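In terms of my numbering, the sequence shown has 5 at position 5, counting the first letter as 1, and numbering is strictly consecutive.
To be clear, the hints were calculated from the coordinates, so they are not data collected in a lab. Keep in mind that this is a model prediction, so the values were computed, not measured. Hints are not guaranteed to be accurate.
[Said to hold, decoys possible] Restraint-style ranges between C-beta atoms, simulated for each label pair:
1. Gly-12 <-> Phe-38: 11 to 21 Å
2. Leu-37 <-> Leu-7: 20 to 30 Å
3. Leu-3 <-> Arg-27: 33 to 43 Å
4. Glu-46 <-> Val-13: 10 to 20 Å
5. Ile-10 <-> Val-34: 18 to 28 Å
6. Glu-46 <-> Ile-4: 18 to 28 Å
7. Arg-27 <-> Phe-2: 29 to 39 Å
8. Leu-28 <-> Phe-2: 31 to 41 Å
9. Ser-26 <-> Leu-3: 27 to 37 Å
Backbone N, C-alpha and C fix where the C-beta goes; we use that ideal spot for every residue, glycine too.
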Amino acid sequence: MFLIDQLILIGGVLILLGILSNMISSRLGVPVLVLFLFLGMLAGSEGIGGLEF
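Modelling step: build the complete structure from the supplied sequences, incorporating the hints.
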C-alpha cells in the first residue's frame with residue numbers, strides 16, 4: 001500500500017511541475033519541450049528522481 005501512495009504522490013508532483021513549467025516557459029519564451037525534457041532528465045534513472053521509465 002505504501003508503494004502505491006508514493007507512486008501517486010510522484011505522479012502528482014510531476015504533473016504539477018509540468019503545469020508550472022508551461023507557465024514559466026510562456027513568460028520566458030523558452031519552448032515547452034525543452035523544459036519537459038529537462039524535467040524528464042531530472043526524474044529519470046540518472047537524475048534526482050531515480051525513476052525507471
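Using the C-beta atoms of Leu-28 and Phe-2, is the stated range 31 to 41 Å upheld?
Holds, at about 38 Å.
Distance restraint evaluation - Glu-46, Val-13, Cβ atoms, bounds 10 to 20 Å
holds, 19 Å
Can the suggested window of 18 to 28 Å be confirmed for the beta-carbon pair Glu-46 and Ile-4?
Check passed, 25 Å falls within 18 to 28 Å.
Is the gap between the beta carbons of Ile-10 and Val-34 within 18 to 28 Å?
holds, 22 Å
Does the Cβ-Cβ separation between Leu-3 and Arg-27 fall within 33 to 43 Å?
holds, 37 Å
Distance restraint hint 29 to 39 Å, applied to the beta-carbon atoms of Arg-27 and Phe-2
Cβ of Arg-27 to Cβ of Phe-2: about 38 Å, so the range 29 to 39 Å holds.
Outcome for the supplied range 20 to 30 Å, where the beta carbon pair is Leu-37 and Leu-7:
For Leu-7 against Leu-37, whose Cβ atoms are near 22 Å apart, the range 20 to 30 Å holds.
Lying within 11 to 21 Å: is that true of the beta-carbon distance Gly-12 to Phe-38?
holds, 19 Å
Between the beta carbons of Ser-26 and Leu-3, is the distance compatible with 27 to 37 Å?
holds, 35 Å
Comparing the model with each earlier hint shows no violations; every hint is respected.
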